[in-house]
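Fit chain B to the known structure of chain A by using the hints.
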Amino acid sequence: MYGYVVPHKENLSQQDFILYRSFYCGTCINTGRLFGLLPRFTTNYDMVFFALLAFDAKNEPVEFKETPCVLNPKKKLTVGGGGLLDKISALNILLCYYKAVDGVVDGEGTKYRVLKKVLKKPYEKAKAMLPEADAIIDKMYVELRQIEKDATAGLDRAAHPFAQMMSDVTAHLLGEVADENLLGLMYNLGKFVYLTDALDDKDEDDKKGRFNPFSVVYGKVSGKELREKNLEELQFAFAVISNRMAECFNNMKFNQSYTLMQNIVYFGVRNKIKELLASSKKLPPPKI
Amino acid sequence: MNPYKVLGKEKGDSFEELKARYDELKAIYSEQRFKEGEEGNEGAKKLTELEDAWAMILADCDVKTAEEMGNDYSKVEELIRLGKLTNAQEIMDNVTLRDGKWHYYQSVIYYKRDWMQESKKQLELAIECEPDNQKYKDTLERLVKVMGNPNTNPRNMGAPPVEDPMMTGNCLSNCCMAYCCSELCCSAMRCCG
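Residue numbers (my numbering), protein chains in the order written: chain A, 35 to 322; chain B, 3 to 195.
Bound conformation, chain A alone:
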């Protein structure tokens, strides 16, 4: 996906950092084991948060082992594979494949065409593993295309299909442990990712004549001007998302990774919003 959901480094304790890295490396290695070497590069921070949340909600036993990595020969602590991690890897492949297809439909250069080709086979395998999740994502993109075609006004409406998809996929993968708070958290997480990505890409979208929810509401002004003139409204739009996430989070019970997820929900998301609203350029990829 995108990599906007990250922990806030200044508030991250050493043990939480190791746990976070273990999940990141574990997801990456597991993707490699299931789908081959190349698709490993689809691993991203947003999915790590989802993995943490899923393991915690199901109270799935976390197995740690030391594994070397092609990028770094030093052995690192990673989370071992298992039923749930396999599903998360597959879900990530599905999401990345659909994003690549979406990019190709939008006529976005060779990057997405290559990605689509590389992910074609892994996608078939992932689809066989999670046919229902595939159907949910497919349905979401149909709705999204309709919204783009109609140029639907309103940030809430535009972000709804993506947000609802995150919530539906979670409900499907986690079954009955997914209560209204967990689903509310995922809904707002999806909304956060969608709107952050949209605001981040606004200038590029306008230049290429693509749909952007912010352009529908505020017109085709530059990202910088948009932030200067409508800062208060933008702050409201993003604050409600982060505060709702915190509200859902506070209403939940945790078994494994409370402080790490608290760091992400309380500080990571807010910090990203601050960065996004303050910068006039595209955000650099995060480094943890």
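These are computed hints drawn from the structure, not numbers from a lab. Glycine included, each C-beta is placed from N, C-alpha and C at the ideal position. All clues given are correct.
Computed Cβ-Cβ distance ranges for the label pairs, DEER-style:
#1 GLN180(A) <-> LYS139(B): 28 to 38 Å
#2 GLU267(A) <-> ASP134(B): 21 to 31 Å
#3 LYS47(B) <-> PRO319(A): 44 to 54 Å
#4 SER32(B) <-> ARG147(A): 57 to 67 Å
#5 VAL176(A) <-> LEU99(B): 33 to 43 Å
#6 GLU266(A) <-> ASP140(B): 16 to 26 Å
#7 GLY209(A) <-> PHE36(B): 17 to 27 Å
#8 GLU132(B) <-> GLY137(A): 43 to 53 Å
#9 ASP15(B) <-> GLY209(A): 32 to 42 Å
#10 LYS254(A) <-> ASP134(B): 36 to 46 Å
Keeping only pairs whose Cα atoms sit at most 30 Å apart, straight-line, the calculated DSS-like set for lysine-lysine is:
#11 LYS114(B) <-> LYS308(A)
#12 LYS123(B) <-> LYS308(A)
#13 LYS147(B) <-> LYS308(A)
#14 LYS173(A) <-> LYS159(A)
#15 LYS145(A) <-> LYS316(A)
#16 LYS47(B) <-> LYS287(A)
#17 LYS254(A) <-> LYS123(B)
#18 LYS28(B) <-> LYS287(A)
#19 LYS154(A) <-> LYS133(A)
#20 LYS258(A) <-> LYS123(B)
#21 LYS263(A) <-> LYS123(B)
#22 LYS183(A) <-> LYS114(B)
#23 LYS161(A) <-> LYS92(A)
#24 LYS242(A) <-> LYS183(A)
#25 LYS92(A) <-> LYS37(B)
#26 LYS123(B) <-> LYS183(A)
#27 LYS139(B) <-> LYS263(A)
#28 LYS308(A) <-> LYS139(B)
#29 LYS21(B) <-> LYS11(B)
#30 LYS173(A) <-> LYS86(B)
#31 LYS147(B) <-> LYS43(A)
#32 LYS287(A) <-> LYS37(B)
#33 LYS150(A) <-> LYS242(A)
#34 LYS92(A) <-> LYS47(B)
#35 LYS92(A) <-> LYS86(B)
#36 LYS315(A) <-> LYS150(A)
#37 LYS258(A) <-> LYS147(B)
#38 LYS114(B) <-> LYS92(A)
#39 LYS147(B) <-> LYS263(A)
#40 LYS173(A) <-> LYS114(B)
Chain B alone, transformed into the frame defined by chain A:
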């Protein structure tokens, strides 16, 4: 399932009658569900069945226009409370006269859907219709100053964070602690030796 049968009523009965029967049964099952064993399970099952039936009845009742509805948004309120937002929205969509009260309830539905911007817009419209309504103004102020405030303390949202020792730290805490302690012991031994 015939929802009226669950309440032991007929389709033609008045809304007030149905509501009274629903409240009565709900009180009984709510109490029964905390009993031990089979009886408790039965109570919980009955309660779910009752809530479903009630939502169906509400959706089934003739949709009134605003003139008839007057100030009576109790059905919408009830549906919102049960989380049946789609049914509540259906009733709202059929109302032709959109006054302050209508905008207020629409804003509540949007709020429950996590559509906060739309919710804010509806509240502003409600205040435009009834500038003196303190309830609307208070609600808007809360929405902007708490939920829409980037500086709200995240700890104060929803239930207060649990100060349970099990929930502070992650599942590595124990390993880390163990490692540190053993490291400490080892170095101590080396010094002594």
